[in-house]
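Top to bottom, those sequences are chains V and W.
Residue 3 in full-length UniProt numbering sits at position 3 of the first sequence, and the numbers go up by one each step.
Residue 214 in full-length UniProt numbering sits at position 214 of the second sequence, and the numbers go up by one each step.
Source of the hints: derived by calculation from the structure; they are not laboratory data.
Wrong hints could be hidden among the right ones.
[What the hints assert, rightly or not] Taking CB as the label site, the calculated pair distances span:
| no. | chain 1 | residue 1 | chain 2 | residue 2 | range |
| --- | --- | --- | --- | --- | --- |
| 1 | V | 50 | W | 247 | 17 to 27 Å |
| 2 | V | 74 | W | 298 | 56 to 66 Å |
| 3 | V | 50 | W | 300 | 23 to 33 Å |
| 4 | W | 307 | V | 50 | 19 to 29 Å |
| 5 | V | 48 | W | 302 | 13 to 23 Å |
| 6 | W | 352 | V | 93 | 48 to 58 Å |
| 7 | V | 75 | W | 304 | 44 to 54 Å |
| 8 | W | 46 | V | 95 | 20 to 30 Å |
[Said to hold, decoys possible] List time: in silico DSSO-like cross-link candidates among lysine-lysine, alpha-carbon distance up to 27 Å:
| no. | chain 1 | residue 1 | chain 2 | residue 2 |
| --- | --- | --- | --- | --- |
| 9 | W | 61 | V | 92 |
| 10 | W | 390 | V | 61 |
| 11 | W | 240 | W | 264 |
| 12 | W | 240 | V | 62 |
| 13 | W | 261 | W | 282 |
| 14 | W | 307 | W | 240 |
| 15 | W | 398 | W | 383 |
| 16 | W | 264 | W | 84 |
| 17 | V | 61 | W | 61 |
| 18 | W | 282 | W | 84 |
| 19 | W | 84 | W | 61 |
| 20 | W | 269 | W | 390 |
| 21 | W | 389 | V | 61 |
| 22 | W | 383 | W | 307 |
| 23 | W | 61 | W | 269 |
| 24 | W | 418 | W | 282 |
| 25 | V | 61 | W | 383 |
| 26 | W | 292 | W | 282 |
All C-beta atoms in this analysis are idealised placements derived from N, C-alpha and C, irrespective of residue type, glycine included.
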Amino acid sequence: MSVDAATVRRIAHLARIAVTEAEVPHLQGELNAMLAFVEQLSEVNVDGVEPMTSVTPMEMKKRQDVVNDGEIPDDIVRNAPETQNHFFLVPKVVE
Amino acid sequence: MTDLTSLTIAEARSGLANKSFTSLELTDAHLAAMEAARSLNAFVLETPDQARAMARAIDAKITKGEGGPLAGIPLGIKDLFATKDVRTTACSKILGNFVPPYESTVTSQLWRDGAVMLGKLNNDEFAMGSSNETSCFGPVVNPWRREGSNTTLVPGGSSGGSASAVAALLCMGATATDTGGSIRQPAAFTATVGVKPTYGRCSRWGIVAFASSLDQAGPIARTTRDAAILMRSMAGHDPKDTTSVDIGVPDYEAAVGKSVKGIKIGIPKEYRLDGMPAEIEKLWTEGAGWLKAAGAELVEVSLPHTKYALPAYYIVAPAEASSNLARYDGVRYGLRVPGRSIGELYENTRAEGFGDEVRRRVMIGTYVLSAGYYDAYYLRAQKVRTLIKKDFEDCFAKGVSAILTPATPSAAFGVGEKGGADPVEMYLNDIFTVTVNMAGLPGIAVPAGKDAQGLPLGLQLIGRPFDEETLFSLGEVVEQAAGHFTPPRWW
Chain V
1 MSVDAATVRR
11 IAHLARIAVT
21 EAEVPHLQGE
31 LNAMLAFVEQ
41 LSEVNVDGVE
51 PMTSVTPMEM
61 KKRQDVVNDG
71 EIPDDIVRNA
81 PETQNHFFLV
91 PKVVE
Chain W
1 MTDLTSLTIA
11 EARSGLANKS
21 FTSLELTDAH
31 LAAMEAARSL
41 NAFVLETPDQ
51 ARAMARAIDA
61 KITKGEGGPL
71 AGIPLGIKDL
81 FATKDVRTTA
91 CSKILGNFVP
101 PYESTVTSQL
111 WRDGAVMLGK
121 LNNDEFAMGS
131 SNETSCFGPV
141 VNPWRREGSN
151 TTLVPGGSSG
161 GSASAVAALL
171 CMGATATDTG
181 GSIRQPAAFT
191 ATVGVKPTYG
201 RCSRWGIVAF
211 ASSLDQAGPI
221 ARTTRDAAIL
231 MRSMAGHDPK
241 DTTSVDIGVP
251 DYEAAVGKSV
261 KGIKIGIPKE
271 YRLDGMPAEI
281 EKLWTEGAGW
291 LKAAGAELVE
301 VSLPHTKYAL
311 PAYYIVAPAE
321 ASSNLARYDG
331 VRYGLRVPGR
341 SIGELYENTR
351 AEGFGDEVRR
361 RVMIGTYVLS
371 AGYYDAYYLR
381 AQKVRTLIKK
391 DFEDCFAKGV
401 SAILTPATPS
411 AAFGVGEKGG
421 ADPVEMYLND
431 IFTVTVNMAG
441 LPGIAVPAGK
451 DAQGLPLGLQ
461 LIGRPFDEET
471 LFSLGEVVEQ
481 AAGHFTPPRW
491 W
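One chain only, chain W, in its complex shape (with noise of 0.2 Å):
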């Protein structure tokens, strides 16, 4: 038999439905996979026993007929979703042994289809960050490294830990979350495929709150049907959640492998920026051949403010994050410090808890919300935010269904590389995938390449609002021409 953990959840289906093998001995492969990848920090929590008791669960309904469109697949949870009476901690301190009463609504649709968990997954703390540097449990390790060298790379983040699983083959897929990026960049550090579905597309119940107008969940899978598999069985509305959007959710995966002829894909000026790698460049423009030759047409656009997503995104993220993480204040859940006064409780409490990405981000969101700041800062930011989507309207007014963007300005680098002295650094990372979350779109990255270091690179397609569907077929076509890629095992 082959290595049942080098499986794509498609064929996984298949050998499950044909009785080659059962979801036990699927889930017991990757347990085995998970407990030997310990180095890789991807988990936080692993959930064994009850993994296999969901497993023999879910054979018993497959043997008579009734197994879902996820049965038997194992998956492992980002840790900012709640799962019932599994900890879930948002990789923060703050939350301390936080094991929540009630199950997110994502999750509980992939438990509806019969998927099965194999554990909670590594972020950065609040999936604040772009490295998963920023989580208490310390950071994940990427299972890719460069040709000849044994630096440690991150996986990008803040769902480093579901893009280096599903990248090490430890689980199948995972969910994922993404506020300006959290999604597409760590597929694109990994070589694994990422939807940030349309804001209100996925219900955001249960999931912890970061930045509630732009937080999306949404698949990190191996493959472009894969992420389709799961998106349908992780969206849907779901009247707990008034954003999430009561319309019907499309068979994602009948849009995989359909005719992208005569599909118009805009590819805009502004993404090409001074200094940028000439390899990403390269690469921008092999994907663009490649849906060329597939049929489409290509168009140049212009997105005239999108030099402004990413400081306008600074503003709006941390000051709703400031007003979300209010919360955590010691009193109903998680860690408490305690002080002589309950403002002293308050404050100890959150210095203790809150790492310093977080701390931060709140103040600054604390700041440009104050009185006599909020319109300089946040009702400006705000604004902006109205011309970045009117640019993106505008576009695809003209007729283009989808733009092509690279993923990332580049590929993986270095544990404790970036954002040391100077934090923007870091929040470069995401130029080129908050556009689309200030916007409210939908975008995908998909495996396009190696740079000369052997380091995979991502592209970014971008569609219409609630349009994933071109998105996966657009996905297929750039999968199809760069082909697949696997870290080679060195853990």
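Chain V with its partners taken away, still in its complex shape (with noise of 0.2 Å):
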């Protein structure tokens, strides 16, 4: 399988990563170099196979249900770009 043009634009707005229209072809180049590379997995049959889905056999630990950190807001905030109050700011959202 390979992408065209439309579907490097359709990844990158996906990916939420600008891209402009010069760098296009050369993204198109590199992301169909490894679907090329990648696509020799097709010839592996997979008939029965259980994808993985842990590498270490293992059951998932469930933590309790108790509050064992907070009160930190300082700290959450102290890298963000902008804050005010302990609130993160961004754009406006919502007309």
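Combine the two chains into a complex, taking the hints into account.
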């Protein structure tokens, strides 16, 4: 399988990465090189094979439903580009 | 007094214990070496004040006999590990000046055991790369050069800063992480020892995530014994990482020097690639000979799905990365590039913040997970992964305790030499290491010789799940037979 220019733009949008028109042909070439490389997987017989979900056989541990951390809003917002009163600021979402 | 930077961790431990020198002296010697080696670009942040403060504090403890297993040992920390109040960037512009208010579990255990932090080490951006050329701080330089040449070589990646700093005697050991070979490949390129533990052996909490089902932290050091010493402090169960395994941490150092008599070692025929350099083939045969001479039994084994590991990896790892890296949106931390809407803010921030390799992988990951392609790519890759793991299980079921392979298909190459036109050219570096991550197994890379141009080459040993001890025993045999390799100082 290979991707066309429209698909490259669609993937970039899904990935939330701005891509200029000038970058599309180059990206298309790179993505198609990767897709050509992984194409060989189609020759493997995977009938009846379970997809891997956990590389070490283990039961997912469940944590106690208790508060064990918190009350640290200063730490939480310390690295944020824009904040106000312990809130993260973003451009207006709802008119 | 001998140059303190040339000591191994084991030697420094004795020297500190019998008061031949203090941790402050040891730390100062390494800080001076670090400053004199800035041309290698191994450190992206030097923390000399913190290092001296930690050294003074541990010296006081050593005096009282309360040192701990790593008391006073100066280490470098890969910039993928969150360090409290010390900038952590994963060598990406998108994390900017991120200063974590918390400490990763692995590094907190090193400090618990008395180690001293010299600074943060360079790596490929978000650990995505095999040459340390994708870092936003620029490439790391390998202290090794071809004989009679001044060509700048890469140290491998993604833990290139860790490998380069350890090889150049700038730190006694370093933390590293391995998702497809990022500990073992740079170790092989720099004549250092690198250990990728079993998945679940070390906590991933506080390590910047790349591909969560593959990522694992481990040490890079100059000897097998030193790697074993570091491993004991890094490993262990952590309730904050649900994939960290709740089993005891053995005394890995006790396995170093243990007899390997009667241990059955597999030589996988599928690792004998067409066009493999003759000297890699020769090294492999030599390594098998050393292990045999030490009493191990060598048998040919088959891992039929080996050739599919790398393509499957380049679906699974980017898929997980695209999900993990969704968090970098310019809102809660790191870089922010404004936009008229929140969507534009996300898109502008991520376009500006991610480098080319990261963008490429996020996009391919997004594609293979997208509606209509998930079954053909991601699901199929995860099924192939089951088959890769089964290959190893079948092998171990026949009594094989470890598998010997070359660590890399070549020695270190030049900066800018690979992957310019086709990204896959660079990916092929991990062809011998990536199977181990796909199967969640432990692996060790040990220096084993040099190529015709005088560059180091390494051998890899792959072990059964949670049997890192056998790897340390076998690694020591290779190390004793091959000897030690130190790059001549030119920087």
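Okay, the hints, checked on the actual structure:
no., hint, verdict
1, V:50 <-> W:247: 17 to 27 Å, "holds, 25 Å"
2, V:74 <-> W:298: 56 to 66 Å, "holds, 60 Å"
3, V:50 <-> W:300: 23 to 33 Å, "holds, 29 Å"
4, W:307 <-> V:50: 19 to 29 Å, "holds, 21 Å"
5, V:48 <-> W:302: 13 to 23 Å, "holds, 21 Å"
6, W:352 <-> V:93: 48 to 58 Å, "violated, 21 Å"
7, V:75 <-> W:304: 44 to 54 Å, "holds, 51 Å"
8, W:46 <-> V:95: 20 to 30 Å, "violated, 49 Å"
9, W:61 <-> V:92, "violated, 55 Å"
10, W:390 <-> V:61, "holds, 25 Å"
11, W:240 <-> W:264, "violated, 37 Å"
12, W:240 <-> V:62, "holds, 11 Å"
13, W:261 <-> W:282, "holds, 23 Å"
14, W:307 <-> W:240, "violated, 35 Å"
15, W:398 <-> W:383, "holds, 23 Å"
16, W:264 <-> W:84, "violated, 44 Å"
17, V:61 <-> W:61, "violated, 37 Å"
18, W:282 <-> W:84, "violated, 46 Å"
19, W:84 <-> W:61, "holds, 22 Å"
20, W:269 <-> W:390, "holds, 16 Å"
21, W:389 <-> V:61, "holds, 23 Å"
22, W:383 <-> W:307, "holds, 15 Å"
23, W:61 <-> W:269, "violated, 52 Å"
24, W:418 <-> W:282, "holds, 24 Å"
25, V:61 <-> W:383, "holds, 24 Å"
26, W:292 <-> W:282, "holds, 15 Å"
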